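Fit the two chains together into the complex; they arrive one by one in their own frames, and the hints show the way.
Going line by line, the protein sequences match chains U and B.
Read in order, the letters of the first sequence correspond to residues 519 to 633 in this note's numbering.
Read in order, the letters of the second sequence correspond to residues 42 to 151 in this note's numbering.
Rather than coming from a laboratory, the hints here were simulated on the basis of the structure.
Computed from a prediction, not measured in an experiment: that's the story for all the values here.
Treat each hint with caution, since some may be false.
Derived DSS-like pairs (lysine-lysine); straight-line CA-CA distance at most 30 Å [to be verified]:
1) Lys98/B / Lys560/U
2) Lys620/U / Lys63/B
3) Lys82/B / Lys575/U
Simulated restraints on C-beta separations [claimed, not checked]:
4) Ile53/B / Ile632/U: 32 to 40 Å
5) Asp573/U / Asn125/B: 42 to 50 Å
6) Ala558/U / Gly42/B: 31 to 39 Å
7) Lys521/U / Glu103/B: 17 to 25 Å
8) Asp79/B / His525/U: 17 to 25 Å
9) Thr46/B / Ala633/U: 32 to 40 Å
10) Lys586/U / Leu151/B: 43 to 51 Å
11) Ile632/U / Asp106/B: 44 to 52 Å
12) Arg532/U / Lys124/B: 38 to 46 Å
Quick reminder that beta carbons are idealized off the backbone N, C-alpha and C, glycines included.
Each chain, written out:
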Amino acid sequence: GEKVEQHESTLSVREGDSAVINCTYTDTASSYFPWYKQEAGKGLHFVIDIRSNVDRKQSQRLIVLLDKKAKRFSLHITATQPEDSAIYFCAASGAFMTGNYKYVFGAGTRLKVIA
Amino acid sequence: GGIITQTPKFLIGQEGQKLTLKCQQNFNHDTMYWYRQDSGKGLRLIYYSITENDLQKGDLSEGYDASREKKSSFSLTVTSAQKNEMAVFLCASSGVAEQFFGPGTRLTVL
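With the rest of the complex left out, here is chain B (with noise of 0.2 Å):
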């Protein structure tokens, strides 16, 4: 079996502030995911990309850049941070259908 790694598991940062969150997969997968999860709302698709170096726009792209440089990893930044935001940030990634998922990122912002 694969596993995924996210880094940080936690991050605090200040308004205004850009900051970046990592994602690495073993399954050798061609698909990543981002997805950010608030309290009560479920998952929203932040980027998603289908193969090194593409990227595509999910329905919550305003305010993140992503990037995925090499077929294992994506990353995600947040490109300005806005005071008292919290939620957790998810990666996933896929061969053909079933999504495998990251334990997430829990982000803070003071």
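Only chain U is shown next, with the shape it has when bound in the complex (with noise of 0.2 Å):
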């Protein structure tokens, strides 16, 4: 079945730096990869995802790249802030459209921004 390793357990950047977790995984049906981030005592929030279909995502400050022929994709946070200190975790998923409703998760990446 799918793995999917998350290569930086722990993560610390100066404020205003850029942030780069990293993650890789095995099935190449894979085709739904999507980032979440969880603060202290809380459920898990959704940051960003990426479709196989494309190799670059952007949102504000959060860009995701994806390269299938080396089945890796990345988080990147530019411009970090404090509030940015949590940990993410990267996942996982085939084609709901074919049936694949799981996600499998990597171990997440605990970031601290430093001021």
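Structure (structure tokens):
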């Protein structure tokens, strides 16, 4: 089955710098790659996603890159702010239309933005 | 927008006890999920349900039962709580892609 590896378990950056979190996956059939943010004591909050028909997506300060050949995707947070500090999870999923409803999550990256 | 409610927020049980966690969503989503989150291990899927009365096992279903009596609710039962077990159980629901998560139930077994 699909396996998702999240390469950075912890990451510290200075406020205003960029943070990059990298994930790799194993199943070439995966086609949907969401990212979630979890603040202390809370559930997961969706932040951005990318589908396999594109290789880049941006939403304000968040950029997601997808390299299907390398089976790798990454989250770039630009101009980081202290409120970006949280645990970030990547996930991979197949196509819902084919009946694949399951996400496989990475282990999470604890991001700390230092003021 | 919608919301996912999980009850209770904190659950303390005794070894061997049967414990039930509840989840309600008002998104009118068809699919609902239960995950277990252990520190440093990400989320692992316990059960999911693609429609009312449907149940599908995830990777971690042993030791758990689930029930989807109606579209808006999904319950998870820990059949026999393990001593010193500590985890957060997260419920989620989805339409065609994005999953929305509840705030979690934190389980402690004494």
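Here is how each hint holds up against the structure:
1. Lys98/B / Lys560/U: It holds: about 25 Å lies between the C-alpha atoms, which stays within 30 Å.
2. Lys620/U / Lys63/B: OK: Lys620/U and Lys63/B at ~20 Å, within 30 Å.
3. Lys82/B / Lys575/U: holds (27 Å)
4. Ile53/B / Ile632/U: 32 to 40 Å: holds (36 Å)
5. Asp573/U / Asn125/B: 42 to 50 Å: The hint (42 to 50 Å, Cβ to Cβ) holds, given that Asp573/U and Asn125/B are roughly 46 Å apart.
6. Ala558/U / Gly42/B: 31 to 39 Å: About 23 Å separates the Cβ atoms of Ala558/U and Gly42/B, which means 31 to 39 Å is violated.
7. Lys521/U / Glu103/B: 17 to 25 Å: holds (20 Å)
8. Asp79/B / His525/U: 17 to 25 Å: holds (19 Å)
9. Thr46/B / Ala633/U: 32 to 40 Å: holds (35 Å)
10. Lys586/U / Leu151/B: 43 to 51 Å: Check passed, 48 Å falls within 43 to 51 Å.
11. Ile632/U / Asp106/B: 44 to 52 Å: holds (45 Å)
12. Arg532/U / Lys124/B: 38 to 46 Å: holds (44 Å)
The structure does not agree with numbered hint 6 stated previously, though it agrees with all others.
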